[in-house]
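Trainee: Using the sequences provided together with the hints, build the complete structure.
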Amino acid sequence: MDAKVITKEKLVELLDQFIRDYEVLAPVRQGDAVVFGQIQRGSDAALDVKRTTMSPKGAFFPQEEVLFIFDGVEAQVPTESGARVLFGVRPCDGRSLTVLDKVFDTAEYPTVYYGNQRERTFVVGVGCNQPPDTCFCTALGGEPFGKAGLDVLLSDLGDRYLVEALTEKGERLLEDSALLQDASEEDIKEGKILAREAREKLNVDLHIEELKAKLGGMFEDPIWAEISMSCLGCGACTYVCPTCHCFDIVDELVEVGGNSGRRVRVWDSCQYPLFTHHASGHNPRPSHRERMRQRIMHKFSYYVNNFGVIACVGCARCLTGCPVNLDIREVLLTLAER
Amino acid sequence: MQDLTMQLRDTARSLLRDGKVGLVIGYEHGSVLLRTKPCFVRNADDTDRLVWSPLCENNIASYLLSIKGRTAVFVKGCDARALLCAISEGQIRREDVTIVAMPCEGVLDRRKLAERLQGRQISGGTVQDGKVTVVGQGFSESYPLSELLPVGCVHCTHRTAPVFDIRIGDAAPEIEAIDDYADVKAFEALSPDEKRAYFRQELASCIRCFACRQACPLCYCVECFVDQTQPTWYHKTGDLSDTLLYHVVRALHLAGRCVGCGACSRACPMGIDLTVLNRRLLRDVQELYNYVSGLDPEAAPLLSAASPDDPQEFIK
Chain A
46 MDAKVITKEK LVELLDQFIR DYEVLAPVRQ GDAVVFGQIQ RGSDAALDVK
96 RTTMSPKGAF FPQEEVLFIF DGVEAQVPTE SGARVLFGVR PCDGRSLTVL
146 DKVFDTAEYP TVYYGNQRER TFVVGVGCNQ PPDTCFCTAL GGEPFGKAGL
196 DVLLSDLGDR YLVEALTEKG ERLLEDSALL QDASEEDIKE GKILAREARE
246 KLNVDLHIEE LKAKLGGMFE DPIWAEISMS CLGCGACTYV CPTCHCFDIV
296 DELVEVGGNS GRRVRVWDSC QYPLFTHHAS GHNPRPSHRE RMRQRIMHKF
346 SYYVNNFGVI ACVGCARCLT GCPVNLDIRE VLLTLAER
Chain B
17 MQDLTMQLRD TARSLLRDGK VGLVIGYEHG SVLLRTKPCF VRNADDTDRL
67 VWSPLCENNI ASYLLSIKGR TAVFVKGCDA RALLCAISEG QIRREDVTIV
117 AMPCEGVLDR RKLAERLQGR QISGGTVQDG KVTVVGQGFS ESYPLSELLP
167 VGCVHCTHRT APVFDIRIGD AAPEIEAIDD YADVKAFEAL SPDEKRAYFR
217 QELASCIRCF ACRQACPLCY CVECFVDQTQ PTWYHKTGDL SDTLLYHVVR
267 ALHLAGRCVG CGACSRACPM GIDLTVLNRR LLRDVQELYN YVSGLDPEAA
317 PLLSAASPDD PQEFIK
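So the protein sequences, as listed, match chains A and B. One rule links them: number in the numbering used here = place in the first sequence (from 1) + 45. One rule links them: number in the numbering used here = place in the second sequence (from 1) + 16.
Possibly wrong hints are sitting among the right ones.
Stated by the list, open to error - Residues of chain B clear of chain A, computed beta-carbon distances all greater than 10 Å:
1. Gln23
2. Arg29
3. Ala60
4. Arg109
5. Lys147
6. Phe155
7. Val179
8. Ile182
9. Ala193
10. Ala198
11. Pro208
12. Asp243
13. Ala267
14. Val292
15. Ala316
16. Gln328
Stated by the list, open to error - Reference listing, derived: stretches of chain B covered by chain A, where coverage requires no fewer than 3 residues with Cβ under 8 Å from a Cβ of chain A:
17. 36–48
18. 86–97
19. 213–220
20. 229–238
21. 245–254
Claimed, not checked - Label pairs and their in silico Cβ distance ranges:
22. B:Ala193 with A:Glu265: 54 to 64 Å
23. B:Arg132 with A:Glu300: 49 to 59 Å
24. A:Lys53 with B:Asp19: 45 to 55 Å
The hints are simulated quantities; they were obtained by calculation from the structure and are not laboratory data. All residues carry an ideal CB built from backbone N, CA and C; glycine is no exception.
Mentor: This is how it looks when you write it as structure tokens:
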């Protein structure tokens, strides 16, 4: 499909059109936070928000997900059905889905829950004309107008959006819409200039290649005690992170001693002491030092070894959401410079 | 403010150089605009990292719970009170800590600033001489700091540490206006349904990351009840009743201990503010027992002591 354009007023109508056919999730305000939530009207989408407080990972890997409901030995797997549109995803978050796919959506070990959510979702991204100055996607191979993980990319050209279908799925989503017009050469060129300018604005170098090469050998480095000193040990960084995916599984019974209830997968965090607390009482990660090391190692060493990609997309939520401004960019630079 | 920073650095330098302490905890410039972050200095040559301003928002007393050895802390009044409370509860040894009292004019409430900015991005910002100045594309604005203070700072009665070893600068002038707890009264006037609606709305965004608990210097239980599994008091799934249980139990557990520093609400990544719960308890403790926590490291904690004069009205 050739590139299209849509005026800003018409975009709201397009969303309304989607709402008639699909469940639509978009950034919405919830108190002081901005999260992805279902919208009933196109105008409810907070598209001016540069970075949502929570990433859209919960749409695929919810904080709480019922795996099955059981009654004695009978079990029922709840299935979500019907197509849906996840609208207003920033390119870093789009890319984070390709990171999560490596764990949850592999040919060898497909996860039915995550896979089903991915399958039924059209992901519509919006490029970042003015990325906040804390962002660092470019240091990790991403781009403010990156296309990974997205089915459609919108580029804000002022009074209109350039609309590009990036996958067959994206083409399917857009194919019948009369609200879209063919983009001119000029529109396409303008989109390219925007993307280049935004990329140039985010000129961040965190010496990632050097870090990747040496991180594996830094397990016992005393620096971990230093850089984790201010950490309070909450899980905010991991919960706002678009790629963190540790979980716990709990059974909840309808009544104490009964045999019916539900098995639920819930987010967990490597930053909590309970995460590695053994039944014996021993904890192999007894302090912030080991827990922060785990978080950094998992993203920048273990994940690279296991799947060939870094499990960080540079969205900067962890550093803006941190109560003590513990900045992962500074941590990475400190480690790279060791 | 510049002057205070210089004096602070000098003090930190001599404390470390003379071997009086092995570690200094204060604040340094943060990595994002209008933020500082906790700063740990062991070497006298590194003390120039330290800064002092109304951006020093964290309550650094919490670090002393796990740090061993002689340590100096540069504290606001509320940091000091939390520290003194922890000392009175036997969690920190008074002789291990050198309390350096800083004059505090209140800390910047980033949420109140965000309300003024209405989504506009800033490219620079300073807080100086009681003024918050921000600049961005096509605008430059200045607001009195006094209008951008969190509720705890507005009603703060101890802006300088009530007990200290060293004081830098003059003691901050105390606020004379008596706290009328207008926010608490407004909350109390709500019907049960309205209260439920209030909690439902505030807690809808709670992600249960426990940043509020971790940021609190007085939330130091070795094992928090939400982490206990046998029995399970708190389900890990997101039912509102569980979320509410956590926040209410946390508030009650801080009755007679909370110093109202507001570190919990500033720590919340989702912007949840349950200060009214803590303030309700602050008022009760003050009205019923004429007690203010964190003033005297020798005093018995309120709920560990009984007196024949204690109010008995609850006995019918």
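Trainee: All hints are to be evaluated individually against the structure, with a verdict given for each.
Mentor: Structure-based check of each hint:
For Gln23 (chain B), the condition that its CB be more than 10 Å from all CB atoms of chain A holds, with the nearest at approximately 23 Å. No beta-carbon of chain A comes within 10 Å of the beta-carbon of Arg29 (chain B); the shortest separation is about 20 Å. The non-interface label for Ala60 (chain B) is consistent with chain A: the shortest C-beta to C-beta separation is roughly 17 Å, beyond 10 Å. The Cβ of Arg109 (chain B) sits about 20 Å from the closest Cβ of chain A, beyond the 10 Å cut-off, so the non-interface label holds.
Here Lys147 (chain B) stays apart from chain A, with its beta-carbon at least about 23 Å from theirs, past the 10 Å limit. At roughly 15 Å, the least C-beta separation between Phe155 (chain B) and chain A is larger than 10 Å, which holds for a residue marked as non-interface. No beta-carbon of chain A is positioned within 10 Å of the beta-carbon of Val179 (chain B); the least distance is around 25 Å. No Cβ of chain A approaches the Cβ of Ile182 (chain B) within 10 Å, the least distance being about 23 Å, so the stated non-interface status holds.
Residue-level check passed: Ala193 (chain B) sits 27 Å from the nearest beta carbon of chain A, beyond 10 Å. For Ala198 (chain B), the non-interface assignment is confirmed: its Cβ lies about 21 Å from the closest Cβ of chain A, beyond the 10 Å cut-off. No beta-carbon of chain A comes within 10 Å of the beta-carbon of Pro208 (chain B); the shortest separation is about 21 Å. For Asp243 (chain B), the shortest C-beta to C-beta distance to chain A comes to about 5 Å, within the 10 Å cut-off, and the non-interface label is violated.
Separation of Ala267 (chain B) from chain A is adequate, the least Cβ-Cβ distance of about 17 Å exceeding the 10 Å criterion. For Val292 (chain B), the requirement that its beta carbon stay farther than 10 Å from each beta carbon of chain A is met, with the minimum near 14 Å. No beta-carbon of chain A is positioned within 10 Å of the beta-carbon of Ala316 (chain B); the least distance is around 29 Å. The claim that Gln328 (chain B) is not at the interface with chain A holds, since no C-beta of that chain comes within 10 Å of its own (minimum 38 Å).
Only residues whose C-beta sits within less than 8 Å of a C-beta in chain A count toward coverage, and the segment 36–48 of chain B has 3 of them, enough to reach three; the restraint holds. Coverage of a stretch by a chain is defined here by at least three residues with a beta carbon nearer than 8 Å to that chain's beta carbons; for the segment 86–97 of chain B and chain A the count is 0, and the condition is violated. Counting residues of the segment 213–220 of chain B whose C-beta sits closer than 8 Å to any C-beta of chain A gives 3, which meets the bar of three, so the coverage hint holds. Using a Cβ-Cβ cut-off of 8 Å, 3 residues of the segment 229–238 of chain B lie near chain A, which meets the minimum of three, so the contact claim holds.
Coverage of the segment 245–254 of chain B by chain A holds in this model, with 4 residues showing a Cβ closer than 8 Å to a Cβ of that chain against a need of three. Checked against the given bound of 54 to 64 Å, the beta carbons of Ala193 (chain B) and Glu265 (chain A), roughly 56 Å apart, stay inside it. For the pair Arg132 (chain B) and Glu300 (chain A), the supplied restraint of 49 to 59 Å holds, since their beta-carbon distance comes to about 52 Å. Taken as a hint, the range 45 to 55 Å holds for the pair Lys53 (chain A) and Asp19 (chain B), whose Cβ atoms sit roughly 51 Å apart.
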